[in-house]
Amino acid sequence: MNFFAIKTSPIAASEFAREWDKLWAYLMAVSVFFTVAICGVIIFFAIRYRRRSDADRPAPTKDGKLLEILGSVIPFILVMIMFFWGAKLYFDARIPPKDAIEILVTGKQWMWKMQHPNGKREINDLHVPVGVPIKLTMTSEDVIHSFYLPDFRKKMDVLPGKYTQMWFLPEKEGRFHLFCAEYCGTEHSLMIGSLYVVSQAEYERWLSTGMTSGSVVAASSEDPVAAGQALWEVHCMAACHTGRPGAIGPNIHHAFGTMRELETGEFILMDENYVRNSMINPNDDIAKGYPAAMNSFRGTLNNNQMNQIIAYLKSVGEGAQ
Amino acid sequence: MNDNNTSPPLNYLTNGHTVKSWLLTVDHKRIGVLYLIAMTCFFLVGATAATLFRLELATHNANVLANDTYNRLFTMHGIIMVFFFLIPAVPGVLGNFLVPLMIGAKDVAFPRLNLASWYIYMLGGLFTLAAIIGGGIDTGWTFYTPYSSVYADSHVILAGTGVFITGFSSILTGLNFIVTIHKMRAPGLTWMRLPLFIWAQYSTAIINVLGTPVLAITLLLVLAERVLGFGIFDPQKGGDPVLYQHMFWFYSHPAVYIMILPGFGVVSEVLACFSRKRIYGYEFVAFSSLAIAAIGFFVWGHHMFTSSQSPYAGLIFSILTYLVGIPTAIKIFNWTATLYKGSVELSAPMLYTLGFIGLFLVGGLTGLFLATKALNVHLHDTYFVVAHFHYVMVGGMMMAWLAGLHFWWPKMFGKLYNEFWARVGAVIIFFGFNFTFFPQFIAGYMGMPRRYHVYDIEYQPFQMLSTAGAFFMGIGLIICLVTLVSSIFTGRPSGKNPWKATGLEWNYASSPPDTHNFTVPVKVDVEAYDYTDERIYQDA
Numbered sequence: 001m002n003f004f005a006i007k008t009s010p011i012a013a014s015e016f017a018r019e020w021d022k023l024w025a026y027l028m029a030v031s032v033f034f035t036v037a038i039c040g041v042i043i044f045f046a047i048r049y050r051r052r053s054d055a056d057r058p059a060p061t062k063d064g065k066l067l068e069i070l071g072s073v074i075p076f077i078l079v080m081i082m083f084f085w086g087a088k089l090y091f092d093a094r095i096p097p098k099d100a101i102e103i104l105v106t107g108k109q110w111m112w113k114m115q116h117p118n119g120k121r122e123i124n125d126l127h128v129p130v131g132v133p134i135k136l137t138m139t140s141e142d143v144i145h146s147f148y149l150p151d152f153r154k155k156m157d158v159l160p161g162k163y164t165q166m167w168f169l170p171e172k173e174g175r176f177h178l179f180c181a182e183y184c185g186t187e188h189s190l191m192i193g194s195l196y197v198v199s200q201a202e203y204e205r206w207l208s209t210g211m212t213s214g215s216v217v218a219a220s221s222e223d224p225v226a227a228g229q230a231l232w233e234v235h236c237m238a239a240c241h242t243g244r245p246g247a248i249g250p251n252i253h254h255a256f257g258t259m260r261e262l263e264t265g266e267f268i269l270m271d272e273n274y275v276r277n278s279m280i281n282p283n284d285d286i287a288k289g290y291p292a293a294m295n296s297f298r299g300t301l302n303n304n305q306m307n308q309i310i311a312y313l314k315s316v317g318e319g320a321q
Numbered sequence: 001m002n003d004n005n006t007s008p009p010l011n012y013l014t015n016g017h018t019v020k021s022w023l024l025t026v027d028h029k030r031i032g033v034l035y036l037i038a039m040t041c042f043f044l045v046g047a048t049a050a051t052l053f054r055l056e057l058a059t060h061n062a063n064v065l066a067n068d069t070y071n072r073l074f075t076m077h078g079i080i081m082v083f084f085f086l087i088p089a090v091p092g093v094l095g096n097f098l099v100p101l102m103i104g105a106k107d108v109a110f111p112r113l114n115l116a117s118w119y120i121y122m123l124g125g126l127f128t129l130a131a132i133i134g135g136g137i138d139t140g141w142t143f144y145t146p147y148s149s150v151y152a153d154s155h156v157i158l159a160g161t162g163v164f165i166t167g168f169s170s171i172l173t174g175l176n177f178i179v180t181i182h183k184m185r186a187p188g189l190t191w192m193r194l195p196l197f198i199w200a201q202y203s204t205a206i207i208n209v210l211g212t213p214v215l216a217i218t219l220l221l222v223l224a225e226r227v228l229g230f231g232i233f234d235p236q237k238g239g240d241p242v243l244y245q246h247m248f249w250f251y252s253h254p255a256v257y258i259m260i261l262p263g264f265g266v267v268s269e270v271l272a273c274f275s276r277k278r279i280y281g282y283e284f285v286a287f288s289s290l291a292i293a294a295i296g297f298f299v300w301g302h303h304m305f306t307s308s309q310s311p312y313a314g315l316i317f318s319i320l321t322y323l324v325g326i327p328t329a330i331k332i333f334n335w336t337a338t339l340y341k342g343s344v345e346l347s348a349p350m351l352y353t354l355g356f357i358g359l360f361l362v363g364g365l366t367g368l369f370l371a372t373k374a375l376n377v378h379l380h381d382t383y384f385v386v387a388h389f390h391y392v393m394v395g396g397m398m399m400a401w402l403a404g405l406h407f408w409w410p411k412m413f414g415k416l417y418n419e420f421w422a423r424v425g426a427v428i429i430f431f432g433f434n435f436t437f438f439p440q441f442i443a444g445y446m447g448m449p450r451r452y453h454v455y456d457i458e459y460q461p462f463q464m465l466s467t468a469g470a471f472f473m474g475i476g477l478i479i480c481l482v483t484l485v486s487s488i489f490t491g492r493p494s495g496k497n498p499w500k501a502t503g504l505e506w507n508y509a510s511s512p513p514d515t516h517n518f519t520v521p522v523k524v525d526v527e528a529y530d531y532t533d534e535r536i537y538q539d540a
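As given, the protein sequences belong to chains A and B, one line each in that order.
Going letter by letter, the first sequence gives residues 1 to 321 in our numbering.
Going letter by letter, the second sequence gives residues 1 to 540 in our numbering.
Hints are not guaranteed to be accurate.
When the alpha-carbon atoms are kept at most 16 angstroms apart in a straight line, the in silico EDC-like pairs for lysine to aspartate or glutamate are as follows [what the hints assert, rightly or not]:
#1 B:K500 to B:D530
#2 B:K500 to B:E458
#3 A:K314 to A:D285
#4 B:K237 to A:E141
#5 A:K162 to B:E534
#6 A:K62 to B:E527
#7 A:K65 to B:E283
#8 A:K135 to A:D271
#9 A:K172 to A:E141
#10 B:K341 to A:D63
#11 B:K500 to A:D54
#12 B:K500 to A:D56
#13 A:K135 to A:E171
#14 A:K7 to B:E458
Just a sample of chain A residues kept apart from chain B, beta carbon distances all over 10 angstroms, derived [to be verified]:
#15 R94
#16 Q109
#17 N118
#18 P150
#19 D223
#20 V225
#21 M294
#22 F297
#23 K314
If you're looking for bench data, these hints aren't it; they were derived computationally from the structure.
Beta carbons are placed, not taken as given, at the ideal position from N, Cα and C, and that holds for glycine.
Model the full assembly from the supplied sequences, consistent with the hints where possible.
Here it is as structure tokens:
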């Protein structure tokens, strides 16, 4: 093995990754400086002031305050730069852009299941078009997993019973690592896959045929919005939640993404987690002016069906306030 | 018991030779030795596990261990090393042995409770060993739910019970030290004259008493969920798995300081002795221990930046984590400044101590990377974290522990070890350690997740280096062990104060000390680390 040919830094596959690398470089500079300085001083002192005779009686040094003041203030300034820079980079890149393609990710011991907006699914691989922001809405069917794209410097835990989100903007075509980063049992290290960043045209072709150069054929395809609408009708959600006269539940039909007022006077954002939790634990957040009359859908709707209902509510939520 | 002052006087080692005289002893020094023996055994079990999975990790595919075996080994390594070595090492062995001697007391405040602590520690250890012999546990030492509480198919109950029980040993030892240090100091030994080792033990004891009960509650809830089907962490029953992480790290982050603070104490003692200087900025070093203990309780969320906790909560945890770095930086600067114009002797304990400063420095600085919110998102749960905490725990704590063990070895056993081989061991361990863990920083930066049994071939060079380094370190540890143990049989008598150190334990007690520690009344009239005091240079 040629040790000089070994890669020692990860690919920077996005703008965020390059910004990340700048912050990393700042911390490296601070760290290398202090490591070299302190180790250098220790080695210098150990040689310069070595014990020459057992009769050595060094004179005591008077404690000064200068070292303590400089030793607190300088590190404080340096770490506050780290803090603000790190927090800014994190918060700037937290909210996904509005035009992002949303992909549903479900973690399960020990595989990743992905679903594209048109219902197309794939396992362990994820195909995305280059140059378009990708938003991942993620949940787990069993234990905690963590969706990790090292080349994009992004990672987010994937939890059972809850949605988490992350997003990234692929800039160049290619194949990138996809890892599970949270220990999840026997085959944790095999819960890996590939992110394929392909051209827009190739992505379209893949969505319609499931074929790109060298990828697997995806399993099944169904439109989650249509399926969600069917569930909405079948489970009579329309009867309670579309604002008909005498309806016993709040109108949520065109409300996705808005703030909802609760009986307690608090406001809560109607997002994926809110809808899902309301289906499972309907009495957690009671809407203002309505009775706690809803029954839980736990056991009635599975994970996938809840995702479909959310997809449907999202699709009709646009524009209605 | 023996007022007979003719030679050879009985010391704590020769006063009773039966097994019963050891197992039912209430002498803090003998209890310290009991901890030393038990802990060394646990350490060897943990090190064996590490050896096996390091062999497996040398190549990217699975050719030594199956995936389940690998998972069980790294879990066992973590549980044994954290709960049965790192947490109790310095308090259990050196703390027990030295706290009464250093403050001029006859024993700790509650000697029987002290013996009970050792038995509780052993009982917890037996449960954990039973879990290992019964087939092991595969949750990782962190026991994350819902994997541990619902999904894991291994001995979570046994191991969890073991850790739960052992926690009480920490709590009781902590309680014992707090009372001892408050109430039993010799006349004239004011707080600001205490050796920094005592300050460190005191800070540690406070965290132990306040923090460990939370771990006990958390583990109890996991066990209740597993056995009785409670739904506290299981989302299927309306529970929250992230709640577990909050509760676990509320203890386990301060536990990092439980592990490292006593090491800080050791380092201060050794550094002062082998540079014949008072620790620079004594007050700052003393109070920085308390500051670390206090702030350390409010940073647990930095283990959870990617867990879905509120990003605003994450900000608070991030800034507090930097703040805990400031008192730590102060300590490092003061230790370095202590060497200035001193009389530095690079003896074995001093080599370990200087090694400690360098490695702990790297561990601390890489902690800043992990405290930075944006950087953490990439580095979390990768080998970068593994390398970081090994620099703190092994490079920091284990080096400090070995420094302390060598430093007080003559006091404990009355024998001098072979200085040459002890230095060789120290140097090999230092280089072997860097060789093992430095490549892991790069693997983590490259994105290699931790706890992977098989991995992408691009990470293989770093893992190979790491495995090779681990064998170097193993050789160093064996040299160290053989040197120390053989000195008991072949070493020259050390005399009372072989290093010409300050401190009551060196100047008032013989080596090994008398059963009741002191045969003359102890009175303190000088500050700590007064290396200008000619009395310490007179031969014993």
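Far enough from chain B: is every CB of that chain over 10 angstroms from the CB of D223 (chain A)? holds, 28 angstroms
Is it true that the CA of K162 (chain A) sits at most 16 angstroms from the CA of E534 (chain B)? Outside the cut-off at roughly 69 angstroms; violated.
Going straight from one Cα to the other, do K500 (chain B) and D54 (chain A) come out at no more than 16 angstroms? Given pair K500 (chain B), D54 (chain A) holds - Cα atoms ~10 angstroms apart, limit 16 angstroms.
Minimum Cβ-Cβ distance from M294 (chain A) to chain B exceeds 10 angstroms: Holds, since 15 angstroms exceeds 10 angstroms.
Would you check whether the claim that N118 (chain A) is not at the interface survives, using Cβ distances to chain B and the 10 angstroms cut-off? holds, 28 angstroms
Holds or violated: K135 (chain A) and D271 (chain A), Cα atoms, limit 16 angstroms. holds, 14 angstroms
Next pair to validate is K172 (chain A) with E141 (chain A); report whether the Cα-Cα distance is within 16 angstroms. Violated, because 32 angstroms separates the two Cα atoms, which is more than 16 angstroms.
May I ask you to check that R94 (chain A) keeps its beta-carbon over 10 angstroms from the closest beta-carbon of chain B? Contrary to the label, R94 (chain A) does not stay out of reach of chain B, its closest Cβ about 6 angstroms off (not over 10 angstroms).
Agreement of K314 (chain A) and D285 (chain A) with the hint, judged by alpha carbon distance not exceeding 16 angstroms: violated, 20 angstroms
Take a quick look at K314 (chain A) and tell me if its Cβ sits farther than 10 angstroms from every Cβ on chain B, holds or violated. The assertion about K314 (chain A) holds, with a minimum of 20 angstroms to chain B.
Take a quick look at whether K341 (chain B) and D63 (chain A) sit within 16 angstroms of each other, Cα to Cα. At roughly 13 angstroms apart (the allowed maximum being 16 angstroms), D63 (chain A) and K341 (chain B) satisfy the hint.
Would the least Cβ to Cβ distance between P150 (chain A) and chain B come out above 10 angstroms? violated, 2 angstroms
Of the numbered hints listed earlier, those contradicted by the structure are 2, 3, 5, 9, 15, 16 and 18.
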